[in-house]
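Protein chains in written order, with the numbering used here: chain Y, 1 to 213; chain A, 214 to 529; chain G, 530 to 1256.
Bear in mind the hints are in silico, worked out from the structure with no lab data behind them.
Nothing here was measured: the structure is a model prediction, and the numbers come from that model.
A couple of the hints might just be wrong.
[Said to hold, decoys possible] For each label pair, taking beta carbons as the anchor points, the in silico distance ranges come out as:
1. G:R955 - A:D503: 31 to 37 Å
2. G:R955 - A:G438: 39 to 45 Å
3. A:A435 - Y:Q212: 57 to 63 Å
4. Y:G113 - G:R987: 46 to 52 Å
5. G:R955 - Y:T180: 33 to 39 Å
6. Y:P41 - A:R506: 42 to 48 Å
7. A:A435 - Y:D126: 55 to 61 Å
8. Y:A175 - A:A496: 31 to 37 Å
[Said to hold, decoys possible] Reference listing, derived: stretches of chain A covered by chain Y, where coverage requires no fewer than 3 residues with Cβ under 8 Å from a Cβ of chain Y:
9. 259-272
10. 314-321
11. 354-364
12. 494-504
Here a beta-carbon is modelled for each residue, glycine too, at the ideal position from N, C-alpha and C.
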Amino acid sequence: MSPPIEFELRRRTLLASVAAVAAGSGMAGRGQAQDRAATPPGASTGTVRFTVNGEARELTLDNRTTLLDALREHLRLTGTKKGCDHGQCGACTCTVNGERINSCLSLAVAHEGDEIETIEGIGTPDAPDPMQAAFLAHDGFQCGYCTPGQIQSGRAMLEEIRAGVPSHVTGDLTATIAVTDAEIRERMSGNICRCGAYANILAAITEVAEEQA
Amino acid sequence: MRSFSYEKATDPAAAAARAAEVEGAKFVAGGTNLLDLMKLEIETPVHLIDVNGLGLDRIGETEEGGLRIGTLVSNTALMADARVRRDYPVLTRAIAAGASGQLRNKATTGGNLLQRTRCPYFYDTAQPCNKRVPGSGCSALAEGGFSRQLGIIGTSDSCIATHPSDMAVAMRVLDATVETVTPAGMTRRIPLGEFHLLPGDTPERETALMPGELITAVTLPAPVGGVQRYHKARDRASYAFALVSVALIRQPDGSGRVALGGVAPRPWRSAEADAELPDGAHAVMARLLDGARPTEENAFKITLAERTLAAMLAEE
Amino acid sequence: MEFNQPAGENTLFDGGRVVGKPHRRVEGPLKVAGVAPYAYERHDVVAGQLYGYPLGAGIAHGRIRSIDAGAARAAPGVRAVVTALDIEPLDIWDYNVARLFGGDVVEHYHQAIAVVVAESFEQARAAAALIEVDYAPGDPADYDLDAAFRRLEGTGEPGTLVGDVEAAFRDAAAVVDQMYHTPSQSHMMMEPHASVVDWSDGGEMTVWTSNQMIAWNRQALATTFGIDPERIRVESPYVGGGFGGKLWLRADAVLAAIGSREVGAPVKLALPRPFMMNNTTHRSATVQRIRLAAGPDGKLKGIWHEAASHSLPGGRGENPTAQTPFFYGTETMRVQNHVVDMKLPESSDMRAPGEASGLMALEIAMDEMAEALGMDPVRFRIVNDTQVNPSNPEQPFSERHFVECLERGAEAFGWETRNTTPGGTRDGQWLVGHGVAGAFRGALLMPSGARAVLEGGRLVVETDMTDIGTGSYTILGQTAAEVMGLPMEAVEMRLANSAFPVSSGSGGQFGAASSTAGVYAACMALRERIAGHLGVEDPEFRDGRVIAGNTNMALAELEGQIEAVDSMEWGDFQSRYQMSTFGAHFVEVGVHAATGEVRVRRMLAVVDSGRILNPVTARSQLIGAMTMGVGAALSEEMALDTAKGMFANHDLAGYEVAVHADIPEQEVIFLDTLDGVASPLKAKGVGELGLCGVAAALANAVYNATGVRVRDYPVTLDKIIGGLPAI
């Protein structure tokens, strides 16, 4: 083994032009409907109290912190995943007061008093809940990254059907909604699985729905 | 995302006054579009006024026999409401066709109307966009620009963005009215057809709301009956924005109403086109899309709109 | 161990108790409970992690005149900003094309040009937005791949040339000559590229990352930073999807390393989703001209396939002719691939590089030729089967059961009952059609090693092999259990750590066959150690016991720790054979008669891919690939802005991959053919094969449904609507 060589980032000498940069960069400017000078009129942090998986939590957070990052970075509950951070994939799905949401598009400080449930709260490797067990039995995942979101979404989605929330594929809007393959597929479409385990996820959810029926 | 301060509003008029008073303030309800845009610094509020506690989350009945939908009613609650399902099925159908279950649980009625465009250049802060940075240019109309998803009518040389909502298309065909409270505490009623502005030379101005003005409700007139349908044509089967969507209400005598989504900066409807409905899809679209200026990439939307409506009419 | 002759009658695996049997994913319980730790989640590994956030170039190519990071450096919580102008250009490892960081040259849109390190994610992201960059954009560049193809067509030396192809076309009974287009595609794995890097003191570098190839990643880091690879440790035990997008070192690890070095603390960084498409790699678009000539008997007389794809200078592009020299028997053949330099983001490998794009075109052409001949497309493919490499008839296929795939599939799918008249079947508002396509993908192999340690009856196997959702933990555990005669529960697999023996890694469909062979080699070495330890010859290992002559003892009774390390090397004899995998895809689609929206109604794949090591995980690979094929056929397209030189729809809303509602009933039939040439387990990969041909089967089904032949992917409604019947 060769001896360690102290690595240094090979710095460039400062370019003379750096000082003149303010001259502006045309279209590269980022953003900006608002005046950069505007500053928040109040505190940019806040304290929020909610329960996570039944446990009371109090966090003082940068107001910008999403519920997703509060869970992952502050509470270190990393089962809820960040796939896109823009509401385009569903990996961050968890439930708030029993409803599934994209936790990436929700500010943590706005959840005062809420009951939050994450994948860690519904079962463990040794004691999985029925949906987790069904995903195992039907190989409803491959890489596993979208999986907690799929499971959380699947559980909440069955509740939505029971509550009579219609979907894009519901036929008669005034009749009781049946749990069909088409209903499950449509209602799970906010959870993307790039590994393509959809058919197995459908089988897992169907099994749970039948057990619950 | 820029730093911001945060408060929870407790009274609608006070919230509006506060929003007008604090420079760079914005309301937040569901946040499903606002946070998305704040992360990219397309929206840069320095103060957020959380309106979720205002109690505007109920659907009531109006004296005229219609519905008054509180601005905070979630998309899920609205589409699942038994009265909506029975009397305004086109609204249920439209909402169900949009976004995902998770997003519909969070997204609110008022927020849905205030969604901003999904034009890819609006979303890329390194690219010119007149809507985002007035005067910077329109990348979609520039040579080489990608415009397949974008508008074909009601657009301008400044901007060809579409309004992405499905819900709004159904509300437009139902003649909905937006109710607001102004910073002065006055109530305003804005017909949905006048709520979204056409871009002209100022695509950054998107709605008729004045600074600080807060949407409090959307009202629907008494049910008009008829057969109500919504068809959303898109590339994938779900969780995708419309290429073209058609909301249709058709009465037994063949008269009715048509509104289009995915083609314009606002839900697209005209009384003249409605009047052509007895003569079929071609007649309707000849009026409704008269003056359309598609790009080479999205000219198909004209054919698609007409064929979609024709199929919906043939279904009955 | 060297694999230097075909595996013969092999009781170990042919009579397998574990290998070849369905077994649930061993890491599954961790994944469904949300406790399998992915790279960005490694709070546990090192204290004091700071947050990194990247900034990408806002131009496609040119130079950076200056960067003003003053406001960013002064922003709350910011510990450091390192811009590309602050450091000399980093070196570039063999398989990277664009520079990952450093210097004033911009080679592609969203190339990383700065990294911010801050105490929180929110602070780092906000500060990155404060950086002002002044560019000197390059001159307008040419992004017209069609024009490039026209310029290049017929130039240069063909990659494969057999016989007089022009003569074959002159004498043909039927000719197909068409242009086909496939768009650029994005991997869009669910877990963004992410790394935690601790290089706090500039000495040892530890990298917790999400990568398919541990040894390559380590070497790439060493080359990039000019340091000894021995100083670098890489771990990647859970990978949230890769599909080729995580074969290489990418900006996440590089920026985190630079940030860590700069601030003297560990730094974690994930690529933001809207940044991934242009910053990382993608599959290049292709332009393909395919000409087929056939005789009246349906036998191919000539295949002429010429193609172009784009790449940054020095890259490989996408070779869609990859399968053509091998797939169908033909009297003559001319195959040529052109790579066109374009100032676009780096094109590179994505699942089944080459064949995935090539079969999207070739299998439409085959459908067109069948129609021209008036032959059933299944029959036409059967007629043109070959058992030897058509571009080198001296070389037989090790195993090839393509005909059986087609026949089994046709029977299971009910192919005979389909309506052969395009546009002839209607179900309400839907026009219904059926399509078939052949599947082909090479069976590559890589050397692969492992360490096996037995103690107290428990076996620990260590290898730097990765599990990217493919099932490596499970099939490697099965292999070790089989060889050692142990139950699965007694085997612990430890993967994806550069401290472990170098494996094949995961890529090119070589992972399963290569890495199981490596574990086999290590376990066979361990058996020898144990035999030596006990002083016995050729013992048998079963039921947790070692048995030879009078010796019959439980492995749990062996004292101490017994360890063996070995790797599988692949002998020259394999080059006497063409090793490939085969399949057939059958698809039923509905096309909305008014709008042209395409919705898949059912799918079937039949697969000839050697021994199926675990039917559960293999089937998941197949249905997953079929799902990706639906996206490729119907919606996936990186939208190129031809003036700006960037892909405009750079997020998961703009780039539409298949969702639940797009995927119908999917069926998979494994022929479970054994290929003794391919590996000691007689196994070949399946993960990429499953994608090959799917899109063409869909396009052919759309044609059968509507009579509209779309040769330009994705097959979206705007390309169909003009050919639909009046309402």
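Now for the hints, and whether the structure bears them out:
1. G:R955 - A:D503: 31 to 37 Å: At 33 Å between Cβs, range holds.
2. G:R955 - A:G438: 39 to 45 Å: At roughly 31 Å between Cβ atoms, A:G438 and G:R955 fall outside 39 to 45 Å, so the hint is violated.
3. A:A435 - Y:Q212: 57 to 63 Å: violated, 40 Å
4. Y:G113 - G:R987: 46 to 52 Å: With a Cβ separation near 49 Å, Y:G113 and G:R987 satisfy 46 to 52 Å, so the hint holds.
5. G:R955 - Y:T180: 33 to 39 Å: violated, 23 Å
6. Y:P41 - A:R506: 42 to 48 Å: holds, 44 Å
7. A:A435 - Y:D126: 55 to 61 Å: Given about 58 Å between the Cβ atoms, the range holds.
8. Y:A175 - A:A496: 31 to 37 Å: Since Y:A175 and A:A496 have Cβ atoms about 35 Å apart, the given range 31 to 37 Å holds.
9. 259-272: Per the Cβ count (5), the hint holds.
10. 314-321: holds (count 5)
11. 354-364: violated (count 0)
12. 494-504: violated (count 0)
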